[in-house]
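K.L.:
Throw the hints in and build the complete structure from the sequences for me.
Protein chains: 2
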Amino acid sequence: MTAHPQCPLCTDDGGELVWRGKSARVVLADEPQFPGFTRVIWAAHRAEMTDLVPAERAGLMALVWCVEQVQRDLLCPDKINLASLGNVVPHLHWHVIPRWRDDSHFPAPVWAGAERDGAARLTKSSPLLAVYRDALAARLDALVAG
Amino acid sequence: MTAHPQCPLCTDDGGELVWRGKSARVVLADEPQFPGFTRVIWAAHRAEMTDLVPAERAGLMALVWCVEQVQRDLLCPDKINLASLGNVVPHLHWHVIPRWRDDSHFPAPVWAGAERDGAARLTKSSPLLAVYRDALAARLDALVAG
Chain A
58 MTAHPQCPLC
68 TDDGGELVWR
78 GKSARVVLAD
88 EPQFPGFTRV
98 IWAAHRAEMT
108 DLVPAERAGL
118 MALVWCVEQV
128 QRDLLCPDKI
138 NLASLGNVVP
148 HLHWHVIPRW
158 RDDSHFPAPV
168 WAGAERDGAA
178 RLTKSSPLLA
188 VYRDALAARL
198 DALVAG
Chain B
58 MTAHPQCPLC
68 TDDGGELVWR
78 GKSARVVLAD
88 EPQFPGFTRV
98 IWAAHRAEMT
108 DLVPAERAGL
118 MALVWCVEQV
128 QRDLLCPDKI
138 NLASLGNVVP
148 HLHWHVIPRW
158 RDDSHFPAPV
168 WAGAERDGAA
178 RLTKSSPLLA
188 VYRDALAARL
198 DALVAG
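Protein sequences, first through last, are from chains A and B. When you line the first sequence up against the working numbering, it's residues 58 to 203, in that order. When you line the second sequence up against the working numbering, it's residues 58 to 203, in that order.
The hints are simulated quantities; they were obtained by calculation from the structure and are not laboratory data. Nothing false has been slipped in among the hints.
Not close to chain B: a few residues of chain A, all C-beta gaps over 10 Å, as computed:
(1) D70
(2) G72
(3) L74
(4) R77
(5) G78
(6) R103
(7) V188
Only pairs whose alpha carbons sit at most 30 Å apart, straight line, appear in this in silico DSSO-like list of lysine-lysine:
(8) B:K79 - A:K136
(9) B:K79 - B:K181
(10) B:K136 - A:K136
(11) A:K79 - B:K136
(12) A:K181 - A:K136
(13) A:K79 - A:K181
(14) B:K181 - B:K136
So the derived list for chain A, only partly shown, Cβ under 8 Å to chain B, looks like this:
(15) G143
(16) P166
(17) A169
We treat Cβ as the ideally placed atom computed from N, Cα and C, and that holds for glycine.
P.N.:
Put into structure tokens, the structure is as follows:
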């Protein structure tokens with residue numbers, strides 16, 4: 058695997074590590090306005106999904122769907138937002154973001170301007186976030202174990 | 058398939074139709090600042106990727122990867138942006154957006170504020186966009202024909 062010394066996702070976990078597999082890792086993003094905001098980060102430095110071979114793509118998306126399902130099961134958001142952008146850091150990473158109708162930006166994307174003050178429903182120390190984190194790690198382990 | 062009379066993606070194509078398959082369609086978005094902005098829209102009214110069974114998910118993502126590849130091959134963007142949000146219209150649709158370093162918003166997401174005037178490289182009447190549209194329809198046909 059070729060690491061790029063200037064790429065922050067090659068040199069750092071990019072968030073609070075929840076799970077690490079052979080080809081990707083899952084982290085909790087440091088986004089206090091958006092509790093549960095999770096990123097699935099490809100291990101190797103690749104920019105686009107079509108830089109991966111089909112089996113790699115399917116494996117990465119299986120992790121994304123797993124995160125989405127655990128968010129739905131435990132956090133009960135009003136909507137899930139998925140995105141792979143990478144304009145600033147062109148190293149494949151998926152944003153998996155639980156959204157609530159009363160969050161600061163809803164229905165706008167989290168990258169738009171805020172719509173309201175919208176105090177986040179959960180904080181970093183909420184017990185439910187710890188439950189989510191542990192359940193997510195267990196479900197990802199189970200997924201990879203097949 | 059259950060159509061929702063209040064859902065704009067159940068009642069309208071949602072853009073200039075490029076291709077229609079049994080379970081999804083592909084349209085050019087009406088976003089003059091972002092030429093080539095393409096949407097892949099699931100035919101049935103479903104909100105989340107995990108509302109689909111795995112084979113449906115894989116089929117939908119195969120269309121997304123096909124759009125991404127044709128954009129890379131013909132439009133040569135600096136980056137591809139992928140997103141499934143649906144906060145306003147909770148009917149599964151993927152945004153596949155070719156981005157250029159000098160576009161109006163780069164490196165911000167298209168949903169953030171503009172960074173500069175950034176005249177779009179292509180306009181609705183650019184010959185390259187017509188080539189992209191026709192090539193995309195042909196590649197999607199070939200993909201589905203297997």
